[in-house]
Amino acid sequence: MNSAMFIQHMLNSLTLGSLYALVAIGYTMVYGILRLINFAHSEMFMLGAYFVFWGITLGQLPWPVAMALAIAVTASLGVLVDQVAYRPLRDAPRISALISSIGVSFFLQNVAIVFFQAIPREVYRPQWLEDPIITHGVRILPLTLFVPFLSLLFMLVLLWIVYRTKAGLGMRAISKDIETSYLMGVPVNRIIALTFGIGTALAAASGIMWALRYPQLQPMMGTIPGFKAFIAAVFGGIGSIPGAVIGGLALGFIEIMTVAFFPDLAGYRDAFAFVLLIMVLMFKPTGLMGERLEDKV
Amino acid sequence: MRRGQIILFNCLAMIAAGLFLWLAKDTFDGYKIQILNLIAINIILALSLNLIYGFTGLFSLGHAGFMAIGAYVCSILIMTPDQKDMLFILEPAYDWVQNAQAPFLAAVIAGGLAAALAGIIVGYPLLRLGDDYLGIATLGFAEIVRVLANNFPRLTNGALGFKGIPDYANLWWNFGWCLVTLYVIVRLLQSNTGNVLKAIRDDEAAARAMGVNVFRYKLLSFTVGAFFAGVGGALLASLLTTIDPKMFLFTLTFNILMIVVAGGLGSLSGTVMAGIGITVLLEWLRVVENPVDLFGFELPGVPGMRMVVFSLALIIIILFRREGLMGMRELSWQSVARVFSRGKA
Numbered sequence: 001m002n003s004a005m006f007i008q009h010m011l012n013s014l015t016l017g018s019l020y021a022l023v024a025i026g027y028t029m030v031y032g033i034l035r036l037i038n039f040a041h042s043e044m045f046m047l048g049a050y051f052v053f054w055g056i057t058l059g060q061l062p063w064p065v066a067m068a069l070a071i072a073v074t075a076s077l078g079v080l081v082d083q084v085a086y087r088p089l090r091d092a093p094r095i096s097a098l099i100s101s102i103g104v105s106f107f108l109q110n111v112a113i114v115f116f117q118a119i120p121r122e123v124y125r126p127q128w129l130e131d132p133i134i135t136h137g138v139r140i141l142p143l144t145l146f147v148p149f150l151s152l153l154f155m156l157v158l159l160w161i162v163y164r165t166k167a168g169l170g171m172r173a174i175s176k177d178i179e180t181s182y183l184m185g186v187p188v189n190r191i192i193a194l195t196f197g198i199g200t201a202l203a204a205a206s207g208i209m210w211a212l213r214y215p216q217l218q219p220m221m222g223t224i225p226g227f228k229a230f231i232a233a234v235f236g237g238i239g240s241i242p243g244a245v246i247g248g249l250a251l252g253f254i255e256i257m258t259v260a261f262f263p264d265l266a267g268y269r270d271a272f273a274f275v276l277l278i279m280v281l282m283f284k285p286t287g288l289m290g291e292r293l294e295d296k297v
Numbered sequence: 001m002r003r004g005q006i007i008l009f010n011c012l013a014m015i016a017a018g019l020f021l022w023l024a025k026d027t028f029d030g031y032k033i034q035i036l037n038l039i040a041i042n043i044i045l046a047l048s049l050n051l052i053y054g055f056t057g058l059f060s061l062g063h064a065g066f067m068a069i070g071a072y073v074c075s076i077l078i079m080t081p082d083q084k085d086m087l088f089i090l091e092p093a094y095d096w097v098q099n100a101q102a103p104f105l106a107a108v109i110a111g112g113l114a115a116a117l118a119g120i121i122v123g124y125p126l127l128r129l130g131d132d133y134l135g136i137a138t139l140g141f142a143e144i145v146r147v148l149a150n151n152f153p154r155l156t157n158g159a160l161g162f163k164g165i166p167d168y169a170n171l172w173w174n175f176g177w178c179l180v181t182l183y184v185i186v187r188l189l190q191s192n193t194g195n196v197l198k199a200i201r202d203d204e205a206a207a208r209a210m211g212v213n214v215f216r217y218k219l220l221s222f223t224v225g226a227f228f229a230g231v232g233g234a235l236l237a238s239l240l241t242t243i244d245p246k247m248f249l250f251t252l253t254f255n256i257l258m259i260v261v262a263g264g265l266g267s268l269s270g271t272v273m274a275g276i277g278i279t280v281l282l283e284w285l286r287v288v289e290n291p292v293d294l295f296g297f298e299l300p301g302v303p304g305m306r307m308v309v310f311s312l313a314l315i316i317i318i319l320f321r322r323e324g325l326m327g328m329r330e331l332s333w334q335s336v337a338r339v340f341s342r343g344k345a
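From first to last, the protein sequence lines are chains A and B.
The opening residue of the first sequence carries number 1 in UniProt numbering; numbering runs sequentially from there.
The opening residue of the second sequence carries number 1 in UniProt numbering; numbering runs sequentially from there.
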């Protein structure tokens with residue numbers, strides 16, 4: 001492997017990793033606050049990509065407008081799912097909400113199969129993202145720079161919200177102790193809705209960019225990236241936003257680099273993440289940056 | 001009610017069920033018999049999941065993985081060497097795969113044992129995890145099994161899977177195994193072990209404080225559950241006569257979880273009833289996927305609609321009737337007798 005190829009692989013892993021990171025943030029935020037693995041999150045990823053597709057083909061919208069609109073619509077859908085399917089179960093055993101989220105996930109997936117049809121669809125890509133830049137023998141797709149850049153932008157906005165605004169303070173308070181936050185006058189339900197909105201918006205953004213990178217849409221497209229992003233969140237330490245980013249990037253690197261150096265293992269690509277998950281859970285269940293959650297007796 | 005009477009009633013119920021099957025075998029058409037077979041297999045699978053989740057509190061989403069192991073092991077053992085010669089077109093099978101052969105009963109048990117072994121191997125590291133982590137880790141296990149099945153063409157024929165598996169699994173085999181499963185799990189739960197399992201489910205910390213070796217009992221329950229999941233997978237393979245890695249997606253686990261939740265976590269009779277109800281419902285829902293003629297208007301069939309209705313049903317159950325059909329109660333001869341005596345009084 002020469003250095004030009006290596007740089008390309010690096011850029012590819014950065015792209016993939018930042019896409020995982022965006023989805024992982026949504027998982028980690030919801031888990032941090034509600035201790036809920038939101039299975040429906042991966043369907044938000046898929047719906048975001050589809051909404052852009054419909055915005056462009058049916059609505060004749062320009063590409064950036066379609067993208068912004070799709071993110072907004074998906075985010076509202078995320079809030080709606082929480083209100084309908086999770087909020088009534090706040091006082092129920094934790095697994096009830098988890099089962100509900102599995103139900104929502106299957107529901108959305110099959111609604112997508114019914115209304116969008118299971119045939120894979122081609123995605124519109126702006127030309128300027130596709131013309132490769134060639135410097136010093138390295139062939140760079142603008143896309144592989146655009147995706148990490150946009151992801152970084154989203155993450156910075158998120159960090160600003162979580163660490164510099166009052167709503168963010170509320171989120172951090174709820175993730176420490178939901179009942180005390182309630183007593184201290186934090187508008188818990190509004191903050192939870194906001195968390196779902198932000199997390200879902202990031203998943204939608206990731207789905208949209210995923211569709212640019214791997215230009216094909218189908219109703220099941222969210223499942224595998226969703227699982228992997230969740231694993232990235234666990235790897236980084238669930239509940240921690242920097243952890244989710246690091247976990248996502250690390251998983252992207254592991255996947256691309258393993259296949260690059262050991263092409264024979266390509267068929268096992270989807271299993272890496274799960275093996276990683278089981279290893280992490282066995283040896284360091286709190287992940288890289290997670291706090292220890294004690295079982296309350 | 002005396003013990004003798006209960007045994008008598010159980011025998012009568014079994015004879016009635018046997019008579020029903022005997023009649024069904026000759027009078028029902030193939031489609032209805034297929035549904036009956038699926039009912040039996042789904043009950044086996046749901047009972048085993050209920051043992052793991054409903055009675056021991058281990059949230060496992062790995063059922064599809066155990067089923068896949070059972071299905072592949074059993075299929076390899078019941079296909080003849082000639083058949084396997086024709087089947088492995090990607091790469092020739094390993095010699096021991098090529099020559100392995102066993103009668104159906106032994107093959108199903110082998111499938112179950114292989115799944116149980118996998119249960120011990122994954123349970124050993126994973127059962128120390130908390131509930132939702134366990135769920136996601138076992139889900140990961142099921143995915144790994146699928147990826148392996150795709151990538152070992154000399155063992156599993158890769159993505160093509162097996163076709164023309166001998167269809168030994170008739171009504172008698174399936175309902176026989178269903179009865180065995182029910183018997184073993186009922187006996188297990190009525191024993192002292194069963195009480196320990198329920199204690200772990202209700203309060204793990206308290207059970208530990210009482211000196212229970214929590215991990216050992218969890219592993220026991222998980223392994224027994226995995227065994228019957230493997231048996232269910234083996235029977236399913238022989239019933240459907242084709243298997244491939246795509247069959248063992250998460251959807252399969254989801255359907256079984258649905259039966260367990262609908263019947264009631266911690267209720268075996270609830271699981272049996274929900275197993276019948278949901279299998280029939282799933283078949284009946286195929287109607288909405290076919291074109292419907294409504295007062296002269298032709299409504300086009302909608303593929304996928306079945307699962308939309310089905311997943312919506314799960315959400316509604318979990319939102320409005322979380323305990324399912326039976327909660328933790330059981331339908332027993334005593335409760336039936338009570339209803340009758342109340343009628344008399």
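Honestly, I wouldn't trust all of these hints.
[What the hints assert, rightly or not] Derived pair list, reagent style SDA-like, types lysine to any residue, alpha-carbon separation capped at 20 Å:
id	chain 1	residue 1	chain 2	residue 2
1	A	Lys-284	B	Lys-84
2	B	Lys-246	A	Ser-96
3	A	Lys-284	B	Tyr-124
4	B	Lys-246	A	Lys-284
5	B	Lys-246	A	Phe-272
6	B	Lys-84	B	Trp-96
7	B	Lys-246	A	Asp-270
8	B	Lys-198	A	Phe-272
9	A	Lys-284	B	Asp-132
10	B	Lys-246	A	Ile-224
By construction, these hints were calculated from the structure, which means they are not laboratory data.
Cross-check of the supplied hints:
1. For the hint linking Lys-284 (chain A) to Lys-84 (chain B), the alpha-carbon distance of about 44 Å lies beyond 20 Å, and the restraint is violated.
2. Of the supplied pair hints, the one linking Lys-246 (chain B) and Ser-96 (chain A) is violated, its CA atoms being roughly 28 Å apart against a limit of 20 Å.
3. For the hint pairing Lys-284 (chain A) with Tyr-124 (chain B), the CA-to-CA distance comes to about 16 Å; that is within 20 Å, so the pair holds.
4. Between Lys-246 (chain B) and Lys-284 (chain A) the CA atoms are separated by roughly 32 Å; this puts the pair beyond 20 Å, and the hint is violated.
5. Straight-line distance between C-alpha atoms of Lys-246 (chain B) and Phe-272 (chain A) comes to about 19 Å, which keeps the hinted pair within the 20 Å bound.
6. For the hint linking Lys-84 (chain B) to Trp-96 (chain B), the alpha-carbon distance of about 12 Å falls within 20 Å, and the restraint holds.
7. Restraint check for Lys-246 (chain B) and Asp-270 (chain A): satisfied, since their Cα atoms lie roughly 14 Å apart, inside the 20 Å limit.
8. Between Lys-198 (chain B) and Phe-272 (chain A), the direct Cα distance comes to roughly 35 Å. Violation of the 20 Å bound is thereby established for this hinted pair.
9. At most 20 Å may separate the alpha-carbon atoms for a hinted pair to count; Lys-284 (chain A) and Asp-132 (chain B) meet this at roughly 16 Å.
10. A C-alpha spacing of about 14 Å is found between Lys-246 (chain B) and Ile-224 (chain A), which places the hinted pair at or below 20 Å, so the restraint holds.
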